[in-house]
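Given next are the chains, with one letter for each unit.
Protein chains: 2
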Amino acid sequence: MEKTLISVLLLLVALSCTLAKIEKKDTKEVKETRPKLPQTLSRGWGDQLIWTQTYEEALYKARTNNKPIMVIHHLEDCPHSQALKKVFAEDKELQKLAEKFVLLNLVYETTDKHLSPDGQYVPRVLFVDPSLTVRADITGRYSNRLYAYEPSDVALFLNLNSLLS
Amino acid sequence: MEKTLISVLLLLVALSCTLAKIEKKDTKEVKETRPKLPQTLSRGWGDQLIWTQTYEEALYKARTNNKPIMVIHHLEDCPHSQALKKVFAEDKELQKLAEKFVLLNLVYETTDKHLSPDGQYVPRVLFVDPSLTVRADITGRYSNRLYAYEPSDVALFLNLNSLLS
Numbered sequence: 001m002e003k004t005l006i007s008v009l010l011l012l013v014a015l016s017c018t019l020a021k022i023e024k025k026d027t028k029e030v031k032e033t034r035p036k037l038p039q040t041l042s043r044g045w046g047d048q049l050i051w052t053q054t055y056e057e058a059l060y061k062a063r064t065n066n067k068p069i070m071v072i073h074h075l076e077d078c079p080h081s082q083a084l085k086k087v088f089a090e091d092k093e094l095q096k097l098a099e100k101f102v103l104l105n106l107v108y109e110t111t112d113k114h115l116s117p118d119g120q121y122v123p124r125v126l127f128v129d130p131s132l133t134v135r136a137d138i139t140g141r142y143s144n145r146l147y148a149y150e151p152s153d154v155a156l157f158l159n160l161n162s163l164l165s
Numbered sequence: 001m002e003k004t005l006i007s008v009l010l011l012l013v014a015l016s017c018t019l020a021k022i023e024k025k026d027t028k029e030v031k032e033t034r035p036k037l038p039q040t041l042s043r044g045w046g047d048q049l050i051w052t053q054t055y056e057e058a059l060y061k062a063r064t065n066n067k068p069i070m071v072i073h074h075l076e077d078c079p080h081s082q083a084l085k086k087v088f089a090e091d092k093e094l095q096k097l098a099e100k101f102v103l104l105n106l107v108y109e110t111t112d113k114h115l116s117p118d119g120q121y122v123p124r125v126l127f128v129d130p131s132l133t134v135r136a137d138i139t140g141r142y143s144n145r146l147y148a149y150e151p152s153d154v155a156l157f158l159n160l161n162s163l164l165s
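Order-wise, the sequence lines are chains A and B. Sequential numbering of the first sequence, starting at 1, is according to the numbering used here. Sequential numbering of the second sequence, starting at 1, is according to the numbering used here.
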């Protein structure tokens, strides 16, 4: 029963984020006339953290600095992305941990299929270790969307020390 | 004689930017401890313009908004990139023209070979039309580095109306 409930809940999450995505696409041209300028790489996920711009940059920095990468896929209009972002940005312990990673947040998917092992959805967090292997084994709590995280799941991130050399 | 002079000049340009690149890589770890935060997508190329984060985003926006893309490859430590950036950011006519493009400035190369038709160097500016074709025919003034532009070449950008629908 609980499992069904979780499934239904996640379906709703998926649906609302997909709807947010579609709506975002429709209103893009309107939106483009009034963005917050200048735009930042952090996009609200932690202005005091160092964010990379592209996946290529993140891979380069992971290799040269021997650090793992945290890739956050999100959408600005998705309420579940917003909720996760709020917790992520405000949790001091999490922000401290984030410094140990090469950080990348993306609102557009890369062409690298390894970053969407079970599909493209948001919010979706993947880790890449310093050898540049996408760690598909590091998952959240949901069996139908392995890399989805809810605000209450951020404690999972704090257990990632094994990734750090 | 003039041609030889230009060639020697460009060789020096190339050499200094390559040196700047190597130096940048060496000092990256040191630099990372003191970045300007939060980082912006404009990186000084025009804070009032709308910049895309990734090439994937630029392609999506070009297609949906029927706009051409301007991709500027540069390095923050390269004096020739800096000189071009200064002119680009300060020239009002150019900033006005830039609004008609989907804009992307990159300090890390993409994996798309179409964006480096004659090699990877900086500064290097490429255009992609709304049908997502990289316009390798739009070149600067230098035969050995077709997509290199000097500050005095920005007038060439102002003649790009043919690209705009």
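Since the hints were derived computationally from the structure, they do not count as laboratory data. Errors might be hidden in some of the hints.
The list treats identical chains as interchangeable, and a pair is accepted whether it falls inside one copy or across any two copies.
[Stated by the list, open to error] Derived EDC-like pairs (lysine to aspartate or glutamate); straight-line CA-CA distance at most 20 angstroms:
1. K96 x D118
2. K100 x D129
3. K100 x D77
4. K86 x E150
5. K113 x E56
6. K113 x E57
Going down the list of hints, with the structure as the test:
{"no.": "1", "hint": "K96 x D118", "verdict": "neither (29 angstroms within a copy, 43 angstroms between copies)"}
{"no.": "2", "hint": "K100 x D129", "verdict": "within (12 angstroms within a copy, 40 angstroms between copies)"}
{"no.": "3", "hint": "K100 x D77", "verdict": "neither (28 angstroms within a copy, 25 angstroms between copies)"}
{"no.": "4", "hint": "K86 x E150", "verdict": "within (11 angstroms within a copy, 44 angstroms between copies)"}
{"no.": "5", "hint": "K113 x E56", "verdict": "both (14 angstroms within a copy, 14 angstroms between copies)"}
{"no.": "6", "hint": "K113 x E57", "verdict": "both (17 angstroms within a copy, 16 angstroms between copies)"}
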